[in-house]
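Take the sequences, apply the hints, and build the full model.
In order, the protein sequence lines correspond to chains B and F. Residue 1 is where the first sequence starts when you use our numbering, and the numbers rise one by one after that. Residue 1001 is where the second sequence starts when you use our numbering, and the numbers rise one by one after that.
Hints were generated in silico from the structure; no laboratory data involved. Source: prediction; values computed, not measured. Glycine included, each C-beta is placed from N, C-alpha and C at the ideal position. Please note: incorrect hints may appear among the correct ones.
To be verified - Going by beta-carbon spacing under 7 Å, a handful of chain F positions derived as facing chain B:
#, residue
1, Gly1016
2, Lys1042
3, Gly1043
4, Pro1044
5, Leu1046
6, Tyr1049
7, Lys1070
8, Leu1088
9, Phe1109
10, Gln1111
Claimed, not checked - Straight-line C-alpha distance at most 27 Å; calculated BS3-like pairs for lysine-lysine:
#, chain 1, residue 1, chain 2, residue 2
11, F, Lys1070, F, Lys1056
12, F, Lys1056, F, Lys1042
13, B, Lys95, F, Lys1067
14, F, Lys1002, F, Lys1067
15, F, Lys1002, F, Lys1042
16, F, Lys1002, F, Lys1056
17, B, Lys95, F, Lys1056
18, F, Lys1067, F, Lys1056
19, F, Lys1002, F, Lys1070
20, F, Lys1042, B, Lys95
21, F, Lys1042, B, Lys13
Said to hold, decoys possible - Derived CB-CB ranges, DEER-like:
#, chain 1, residue 1, chain 2, residue 2, range
22, F, Tyr1039, B, Phe60, 21 to 31 Å
23, F, Asn1118, B, Asp62, 40 to 50 Å
24, B, Phe69, F, Gly1054, 38 to 48 Å
25, F, Glu1015, B, Asp62, 42 to 52 Å
26, F, Glu1045, B, Ala38, 15 to 25 Å
27, F, Pro1010, B, Gly84, 20 to 30 Å
28, F, Gln1080, B, Gln41, 25 to 35 Å
29, B, Ala80, F, Glu1003, 43 to 53 Å
30, F, Tyr1039, B, Ser27, 19 to 29 Å
31, F, Ser1082, B, Leu39, 20 to 30 Å
32, B, Ser27, F, Gly1059, 37 to 47 Å
33, F, Ser1082, B, Leu113, 32 to 42 Å
34, B, Ser111, F, Asn1022, 27 to 37 Å
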Amino acid sequence: DAGVTQSPTHLIKTRGQQVTLRCSPKSGHDTVSWYQQALGQGPQFIFQYYEEEERQRGNFPDRFSGHQFPNYSSELNVNALLLGDSALYLCASTKRLSNQPQHFGDGTRLSIL
Amino acid sequence: QKEVEQDPGPLSVPEGAIVSLNCTYSNSAFQYFMWYRQYSRKGPELLMYTYSSGNKEDGRFTAQVDKSSKYISLFIRDSQPSDSATYLCAMKGGGSPRGLIQGAQKLVFGQGTRLTINP
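This is the structure:
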């Protein structure tokens, strides 16, 4: 049973560029959440998708956007990259109408030069 | 003030010791409490998942929740070098009166405690 998978594992970009990160949820899960984890910090909630719509959003600017596809996979897009966007981006999935906890992928490490 | 406070450590103990990790929080709406373990260059791995106050035991791990004090703990008995990792506490609000999560609530994390078990 495949868990949450994310791609790519590592990405290097320069300031001002745009990036797209991808996530496939654990089998049977329909809800995907994205988190940003800066070095030495706990993950911070970016937003959550289910039924192909953004349902909750954390305190992140509009440069951060996302999408969920009919197969429940998801993308995180970040425009106009800043040095401060360097972080580990984590995807978590769960089954919405349940008490199941969120399971995380291993993340995409994004470095901005 | 952060919603969830966690001592970042680092914490270093000898193999076999009992480890106590703690978090405090300010939001009384939190109902579900989790502990995740995160190895270097990996994502958080769920260790314990508890609802409301009380204790839960799983092997060498025990989670305690005291909602009246807004305080949660994770105890690790007979600690092993393989337990060396960063431990993250996380919590979220409750769901509908039926107990189902109507839309998975966002997780709020502590900063994480870096733990090293020395052989």
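### Message
Check the structure against each numbered hint from earlier and tell me which ones fail, lowest number first.
### Response
1, 7, 29, 32
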